[in-house]
Every structure is written in structure tokens, then in C-alpha cells.
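Colleague: What follows is the residue order along each chain.
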Amino acid sequence: MVDDGGFSGARGGGAPLTRLLLALRVDPPLLLGILAIAAVGMVVLYSSGGESTELLVQQAVRFGIGLFVMLVAAQIPPRNLRLWSPWLFVAGLGLLVWVLVAGEMGGGAKRWIDLGVATVQPSEAMKIAVPMMVAWYLGDRAMPPSFGRVLVAGALIMTPVALVAYQPDLGTALLIASAGAFGLFLAGLRWRLMLGALVVGAALIPVGWHLMYDYQRRRVLTFLDPESDPLGAGYHIIQSKIAVGSGGLYGKGWLNGTQSRLDFLPERSTDFIFAVFGEEFGFFGGSLLLFLYLCVVGRALYISAEAQDSFGRLLAGSLALTFFVYVMVNIGMVIGLLPVVGVPLPLVSYGGTSMVTLLGAFGIIMSIHSHKRLLAP
Amino acid sequence: MAGSDRLRDYEREAGLYRRRAVVAGLGALVVVLVLVGRLFHLQYLSHQHYATLSDNNRMRIEAIAPTRGLIRDRDGRVLAENLPSFTLELVPERVEDLEATLERLRSFVDFDTADVERLRRAWRRARPFEGVPLRFQLSREAVARLSVNRHRFPGVDIVAGLTRHYPWGRTGVHALGYVGRLDEGDLQRLDPRSYRATSHVGKNGIEYAYEEVLHGDPGVRRVEVNVEGRVLRVLDEEAPVPGEDIQLTLDLGLQRFAERMLGSEDGAVVALDPRDGAVLALASAPGFDPNLFVNGIGRDTYAALRDSPHRPLFNRAIRGQYPPGSTIKPIIALNGLERKARDRDETIHCRGYFTLEGRSRRYRDWKAHGEVDLGDAISQSCDVMFYDLAMDLGMTEMADFLRKFGLGQPTGIDLPGERDGLIPDPEWKRRNRGEPWYSGETVIHGIGQGYMQATPLQLATATAQIANHGRPVRPYLLAETGPVEARTDAGEDVPADGDVVVARAREPVVEPVDLTVETDWDFVIDAMVGVTEGEHGTARAIGWESPHTIAGKTGTAQVFSIAQGEEYDAEAIAKQLRDHALFIAFAPAMAPRIAVAVVVENGGSGSGTAAPIAQKLIDRWLEEHPPPEREDDNGG
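Protein chains in written order, with the numbering used here: chain C, 1 to 377; chain D, 1 to 636.
The shape of chain C in the complex, shown without the other chains:
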């Protein structure tokens, strides 16, 4: 209900604030949704971080940086983005190769490059560069894409995905792959091709199993049977399920989650923050948060459908759906439906890189929305 009010208020365009936002090429409903989710995130983070204001300030600073990046991205005309797409993609690939050769180790994987000024994570940039590249490539020709173009697009997607998976960073690889795949899907990829890909994919599962690292296999196995290793790999899932389940319909109340506040829940400020939320705010809180996410995705999809060209449509659409994949994979993991994959809960989990990338992506979506040529409809 509240969000509907936001939507209509934005459409009305009467308030000075709305006019200012529109002048800044910001989409008010989308911003409202983002702010709402981020606010929820701050509230949960305060609890999961042991009421640390320091943590909160850091997260707020990151969110501020993210908003700034969003604002900047919103000013860039989609035309320019389209021109930069191939170059960004190629540069990103180069950096990914560099990471594999000379990257910094972190958590058993090479993900970071030290640029002297700052360390960057090129795989993060690929979450945007890959859908841009796919949109650029497919948007050039008629839809739906021919089989040949689908194959080329597939190769364009799988190259960075393979490089990232090799780091190894399964979560990011998954997000990049889905970003590209959504581009293909939205471009009108034929259903029978999808079915074929599904069959091939299923056939490739044993191969993938063989190529997986031990820790990844363990994660899959633990996911299938968490009780098999309750003190090791299964501990995360078991404890987060206990946290969520013990929350009940209404939750234990803010700052009252025993699972999180007594340290039973690992990684409770980052990947498992939804468990804290579920424990303290219960089923109704969790459902409300999911509804907020759905609103944001819906608004972004609506924007994409309104875009004037294929590039804008495909890019906005695949970015919107990638955002949703974050939500699905993270929450699915926390409540024991999906394997434990290192994907943060967007706009809520503590951490900088994904926050900036996500808000940058929303900036692009807003740019696509606000840079329509003034033609009569």
C-alpha cells in the first residue's frame, strides 16, 4: 500500500522533491524502494553487528558512495554506454586474466587486484559489463536472435564466467552467468533452444562435478544433507534455519535474536543477515522484505519495457533480473533451499563492493528511463 502511494506520488510530479529528483534523472519509485530496503538493512545490521554504530556508519558511507555512483551513472546517456560496452567488456576480461595471474588471495581465492590506490574486484564490474555486452551484441540485430548469434552471445557470457569460476568465486560467476542469460532470454531466445540448453546443462552436471573444488562439492553435499556435518560445513545452514525458524510468525523482536546476538549464527552481518532479520522480525517481516524486493524488480522491469531501444531494454531488464537473482540465491541459501554460495543480500548485507555495483546498475536503469528522446508516443 505504502509503495503504491510512492508510485502515484512520483507520477503526480507535483512535489518539489520529486521535481528535483526527476531533474537529477532519478526515478523516484525505484529510489523509494531502494531506500526502504536499505533502511531495513541498516536496522538489521545494527542488531547483527552487536549494536555497533561504527559498523552502521561504515555501511552508510558505502551506501552514500553507492548513491553517488548511481547518480553519476544516471547522467550517462545510454547511447554512450552502448558505445563503451565492447571496450568495457574487453577491459574487464583483461583484468580477470590479470587477477588470475597476479591477483591478491582472499579467502582461498584470487579476486582482488591492487591498483596502488585501491584494491578492485574486476569480477564485480563484470556483473554490469557482461549484460551490457550482451545487450550491445544482441540489440544490434533483429529479435529474436538467430541460433548463430545465440552461440556467440553464449561464448561472450561463458568466457568471463569461466574466468571468475576459476578464481574460484562461484557466487559471482553465477550472477554474471545469469545476467548474460537473462539478456538472452529477454531478447526472445526461443523456448526450444532454452529447453535444449537445459538438457545439455543437465548432461554437463557430472562434468561440472568433476571440475569443482572440494569445498564447492562439500557445499553441495552439505546442502543436500546439512546434518551430515553439523559442526563443519552444515553448521551455517543448521544455525541459520534455527534462527529463521525460531523467529516464528512475528519474530523475537528487534535486538532480541538469540541466535545472532549470542554468536551462534556465523557471518550474520554479511551473507547470513537474512537469518537475523527472519529471527527478529519473523514471517511477516520476511515476507514484507521479499515484497519490497519484488516491487523494486517490478519497477525496474517496467522501466526496461518502456525503454526505446533494444539495448536499453535488454540491459535494464537483465540488470533488474540479476538483482532478483541476488535475492533469490541469498535467501534461498539462508533458509536451506539452495546451496551455500557467497552471494550477499542486496542492499542489506554488510560489504562495499556489491553495494556500489548494485546501485551503479540502478543508476544505469534510471538513465535508460530518463534519457528518452522527446518524441511523440
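FYI, nobody ran anything at the bench for these hints, they're computed from the structure. Idealized CB from N, CA, C, for every residue including glycine. Certain hints may be false.
[Said to hold, decoys possible] Within a straight-line C-alpha distance of at most 25 Å, the following computed SDA-like cross-link-like pairs (lysine to any residue) qualify: (1) D:616 - D:74; (2) C:372 - D:12; (3) C:372 - D:22; (4) C:372 - D:19; (5) C:372 - D:18; (6) C:372 - D:16; (7) C:372 - D:14; (8) C:372 - D:11; (9) C:372 - D:616; (10) C:372 - D:10.
[As the list claims (entries may be wrong)] Per label pair, the in silico range of CB-to-CB distance: (11) D:59 - C:215: 30 to 38 Å; (12) D:15 - C:288: 28 to 36 Å; (13) C:266 - D:237: 25 to 33 Å; (14) C:253 - D:36: 17 to 25 Å; (15) D:118 - C:120: 56 to 64 Å; (16) C:50 - D:141: 37 to 45 Å; (17) D:141 - C:64: 58 to 66 Å.
[To be verified] Only some residues are given here: those of chain C computed to face chain D with a beta carbon under 10 Å: (18) 142; (19) 188; (20) 238; (21) 243; (22) 247; (23) 255; (24) 262; (25) 263; (26) 287; (27) 290; (28) 304; (29) 307; (30) 314; (31) 321.
Dock chain D against the given chain C, drawing on the hints supplied.
Modeller: Same frame as chain C, now just chain D:
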């Protein structure tokens, strides 16, 4: 701009995209519904399950030790109390370097290698964030110095608690017993649930017998812990029920006096109120300081106590078994009168020895008494009279009669480890020795020698029964009344009766003795008065001393009690070869208020060593608790 493809139909492409976007949006909706469904499953359908798991995670139930009940004497003076004490504890999780910490602690607290050893053992078994004790009962200075330097010792805590303390030290230790640290053996006989928080448990004496009463019930505290097991806060608490204070019949003054009277002798004194069996004093010398045992006695200290030839740990009053000697003569005399084996005024001529017909062996008396009747034989302790009487009665008759006075079986006092004593008869000898009974043995049993054995407590109890004209009493230490049970199974080397909890009962273990001629009691008691008051009474010295009419009987036991396996000590042997001195007495003779049995090991003669102790004890008691005025009481 939109591409160079001439064949592109932009409207159619936009339509295609829109359809796909709708499909994607619906897909997202479905995913959200699945997630919501899963949430519903976890948070509503399985909520109970996960809520339980969550509580199991965060809550721990801790027991709180109850405060042990105090023990007081009959006038309310505290015999066992609980004092605040400070224990030095180390928390393994918070001590970084144990060796370095111990090294630095050394300059603040004294502790030895045994302490460190115990610490290391407990260290491995400690539950998370549970303190491991290094040193008990820190001195106040040590507490002060450590508190000031607390910051230098992370993980080192000074924990305040209560520790058992016996303010009078060794006084009454054999009655009181002591508490010691709870061990595996204790947990097997006690309910482990109620002892979860308890560190000390009664090991002996009253502390052991009334453990259940003194202990109380533990409280329960539900605490919230973090994943490491560290207690964060107390959720709720059910206070423990403190143990009940108990009052004993012991009189602290009399007890101390009895122990002082025994002095450096090895021996025992038991004083009862003959009217109901209340134990006024129960002394066994030498004693020991029970406080040594409370927090773990050092190995050397314990070895010294255990190996001392004077056996301070041995409770002579209820476990020492001595030949009763002449102290049984009043009972044998009663037996003779009852069986009409003797008349009161029937005399014999005592030549100083006795022979069985047709045998040459002489059974010696301690002197030639000349012409004596039965009364004289008691007051002057003529053995020949009783040798002769024993032969007339026979051992079986004598044994049966002696048993009617509670000899040869436990008195049923509320203390653990009481011994039976022994009243032998031919049947017993055949069963236990596989030998027939010789009539010569009957002779010496007439004067309480031979196999016959009695504990000082049994002698006191039998004396009380004489004082009561045959009405038996059951000795007891717990003054209060109420439905209370006492443990009388002993902690250590008990006969194999096993674990017996005897309901505290005031019922004597024997039936009253009814004599055909009621005045026989007066006759024998008069004879016992003659012991202290008569011209030739064996204990006439105390009769002169005492303002009270004391009925008594001396005894001298000719067996010395070198325990088996003890080393032969050339210096000590002379003393150890001396006879045990015994004396039983009650007073005032006509309305008895106190019955006493005194045994002094190797004390020489009953009259010389044991009787004065009994007399002083009686005088003191009757002086402090004067009997109501009676016309015929002050005969002495």
C-alpha cells in the same frame, strides 16, 4: 541508431520484449512465493522445533549449591559453621599462557606442586568458561594483594564462597565427623542431581549421618550463554533451599572437659543421659582437626595421622572394642540373683585364686579378699566370686543375659560405623573358631575377659540400663525431634552390611529387663555405690572427692591393643603392655542424670586412671545441671 537491419520490426520486438519481461516478472513472483512458502514452513509449521533448538543453543541450566546446615550443641553453641572463603580460580579460555601465569602468581599466593597437579587435571575436564580452582581458602592478605594486581592476571578470578569450618577444632571430632570434597564414591551413594553444584559432603560422623538434612536442595539458575559457553546473563533463578541446622545432644563444655580429662592418654569417654539416651559427651582420644580434611588434606599430613601409633582417626568410642573386664560384674551379679544361683548374703572365701574341680590351673584374683558376699564382690571387685558364679550360670546363660543389656550388638546410635562388640558363647565359638568351648573359658568370661568385647558406647548404654532398673535406652546425638533418617553405614572399613539407612528411632535395640525380684536392682546399685563409697570400694578415692552418690564399677582389661601390623616399638611396648583401665558409673545413684563409660588404653587400673575421669565428669555435669532437690540424694 537502432541498428541497420532493414527488416527489423520495432513494434514487434517491443512486444516480444514485453512478453518476455512479463514472463520474467511472473517468474520472480513465483520464486518469491516459493521463498515465502519456505519461510512459512520454517517459521510457522516447524516453529516449535526450531524454537526448541534455539533455546537449547542459548540456555544452560546451572545448579546452585545450597548452604549447608549448621551443627549446634545442646545449648546452641555452633560446632560446625560456614565461613566465607576465597578460592583462586583460573578460566582456561581466558588464560593465555598457563605457565607464565602460574609463575607470576607465585609471588602473590602460596601454592605447591600438588595444587598445580590438581589444577592440571581439572583443566582438561573443565566445561567452557568454568573456573578451575588452584588454591582454596586464600588468606585475606593474598586476596587483597591479588585484587590490586587483578589486571595483570587475565583469566584469574577470586571466587567467594562458603567453606565448612569447625570452630572448636578437634573437639568432638569423632562425633561431628567432617566434610570433604565430593568424590566419585560419594556420587554413587548420593543423588547426583541434587549434588550437581555441591563441592563438599559429609564424610564421617554426624556430618555423614545427617547429610541429607544438612545438605538442603540445590537451586536452579537458567543462564543465557553464547556460542562459546560463556554466561551472559541470568534468565531466572530458583533459590536453593538451605540445609537444616541441627542441634545435638552434646554439651560442648562437657565434651571439651572429657577430652581434657583424657589428656594425652589414648581412650574414650561416653556420657549419656540415662533417662533417654541423649549423648552428652562422646570423646575419643587422640583426635584430629577436622578442618584439615575440608579442602583436601595434604598427603604427608594424612599419612602422619594414619600411621600414628595412637591412631587419631580411629573412633574408639563407637569402634574401639575392649574386653569389658570387671565392668560387667554388676550384670553377672544380676544374672546370678535372677537365676537364684546366688543369694544376696551368700558368702564365699576368696583365697586370691580359683580352681576348677580336678584341675590344677589357678585363675588368679587381683588379691585375696577373704570372706565376701555378692555385694562385696562387686564393690571390691572380687574375681573369685564371679569365676565361681560363671561356672554355676554357664556361658550360654551368661551370654544371653549380657545381650539383654545391648552388649554384642550395635546400640543404634545415629553415627556411622558403630561396631558390634562381642558376647561369645559355645555356639559362636564352634561357628567362628571351629573349636569346642572349654569350661576354663567360661571362668574368665565371668570377669569380662576372654573373647568378650564391648565398645565404650555399649558400656555406657548398658550402664544406663542398670541405672534405669532394666529399662534400655538408645543413645542418640540429634537433639531435635522429627522424621529424620540417619545414615549409619560407615564410610570406610565397615562390616559388609552394606548401605543401611536406619530410620532415626528412639526405640532401644533390646527389650526391657524385668527381674523377678525388683529389689535386686537396688541391691546391685547399692553394691555399685559401694565401689565409690564403701570402706573397701575399689574406687573409694572418687567417693571422697565427689559430693554426689556415684554408682560405679571399675574394670581392668588384660589385653593390650597393638593393632595388627603395627611396628614393634621397644620404647612404647612397656606402656602398651599395661592393662586397659575401665570405669562405668552413673549418678546420682537414686535418680540418675548421667551415665558414663571411660576406657583408658594401657591406663593401668580402672580405679586409678579411669574412675577419676568419670567422677570429675559427673561432678561437673551435676554441678551445671543440678538435679531437683531430693531428700535422699546427697548421701555422699
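Colleague: Hints first: check each against the structure and report whether it holds.
Modeller: Consistency of the hints with the structure:
Annotation: proposed proximity of residue 616 of chain D to residue 74 of chain D holds, straight-line Cα distance about 20 Å (limit 25 Å). As the CA atoms of residue 372 of chain C and residue 12 of chain D are separated by approximately 19 Å, the hinted pair is consistent with the 25 Å bound. Proposed proximity of residue 372 of chain C and residue 22 of chain D is supported: the alpha carbons are some 22 Å apart, at most 25 Å. As the CA atoms of residue 372 of chain C and residue 19 of chain D are separated by approximately 21 Å, the hinted pair is consistent with the 25 Å bound.
Distance check on the hinted pair: residue 372 of chain C and residue 18 of chain D sit about 17 Å apart at the alpha-carbon level, within 25 Å; holds. The suggested pairing of residue 372 of chain C with residue 16 of chain D holds, with an alpha-carbon distance near 20 Å, which does not exceed 25 Å. For a cut-off of 25 Å, the pair hint linking residue 372 of chain C to residue 14 of chain D stands: about 15 Å separates their Cα positions. As the CA atoms of residue 372 of chain C and residue 11 of chain D are separated by approximately 17 Å, the hinted pair is consistent with the 25 Å bound.
For the proposed pair residue 372 of chain C and residue 616 of chain D, the alpha carbon gap of about 121 Å is over 25 Å, so the pair is violated. The suggested pairing of residue 372 of chain C with residue 10 of chain D holds, with an alpha-carbon distance near 16 Å, which does not exceed 25 Å. The supplied range of 30 to 38 Å is met by residue 59 of chain D and residue 215 of chain C, whose beta-carbon atoms lie about 33 Å from each other. The supplied range of 28 to 36 Å is met by residue 15 of chain D and residue 288 of chain C, whose beta-carbon atoms lie about 34 Å from each other.
Hint check: residue 266 of chain C to residue 237 of chain D, Cβ distance near 31 Å, so the stated range 25 to 33 Å holds. Taking the beta carbon of each, residue 253 of chain C and residue 36 of chain D are about 21 Å apart, inside 17 to 25 Å as hinted. The given range of 56 to 64 Å is respected by residue 118 of chain D and residue 120 of chain C, whose C-beta atoms sit roughly 58 Å from each other. As the Cβ distance of residue 50 of chain C to residue 141 of chain D is approximately 40 Å, the hint placing it in 37 to 45 Å holds.
For the pair residue 141 of chain D and residue 64 of chain C, the supplied restraint of 58 to 66 Å holds, since their beta-carbon distance comes to about 59 Å. Against a cut-off of 10 Å between C-beta atoms, the interface hint on residue 142 of chain C holds, since the closest Cβ of chain D lies about 5 Å away. Given the 10 Å rule on beta carbons, the hint for residue 188 of chain C holds: about 5 Å separates it from the nearest Cβ of chain D. Interface restraint check: residue 238 of chain C against chain D, minimum CB-CB distance 8 Å, threshold 10 Å, status holds.
A distance limit of 10 Å between C-beta atoms decides the matter here; for residue 243 of chain C the minimum to chain D is near 7 Å, and the interface restraint holds. Restraint check, residue 247 of chain C versus chain D: the minimum CB separation of about 6 Å is within 10 Å; hint holds. A least Cβ separation of about 14 Å between residue 255 of chain C and chain D goes past the 10 Å threshold, and the interface hint is therefore violated. Checking residue 262 of chain C against chain D: minimum C-beta separation of about 4 Å stays under 10 Å; hint holds.
Hint on residue 263 of chain C holds. Least Cβ distance to chain D is approximately 4 Å, under the 10 Å limit. The interface hint given for residue 287 of chain C is met, as the beta carbon of that residue sits about 5 Å from the closest beta carbon of chain D, less than 10 Å. Annotation: interface hint on residue 290 of chain C holds; nearest CB of chain D at approximately 5 Å, less than 10 Å. The beta carbon of residue 304 of chain C comes within 6 Å of a beta carbon in chain D, closer than 10 Å, and the hint placing it at the interface holds.
Restraint check, residue 307 of chain C versus chain D: the minimum CB separation of about 8 Å is within 10 Å; hint holds. Taking 10 Å as the C-beta cut-off, the interface hint given for residue 314 of chain C holds, the closest approach to chain D being about 8 Å. The beta carbon of residue 321 of chain C is positioned within 10 Å of a beta carbon in chain D (closest approach about 6 Å), and the interface hint is therefore held.
Violated hints, in rising order: 9 and 23; the structure is consistent with all others.
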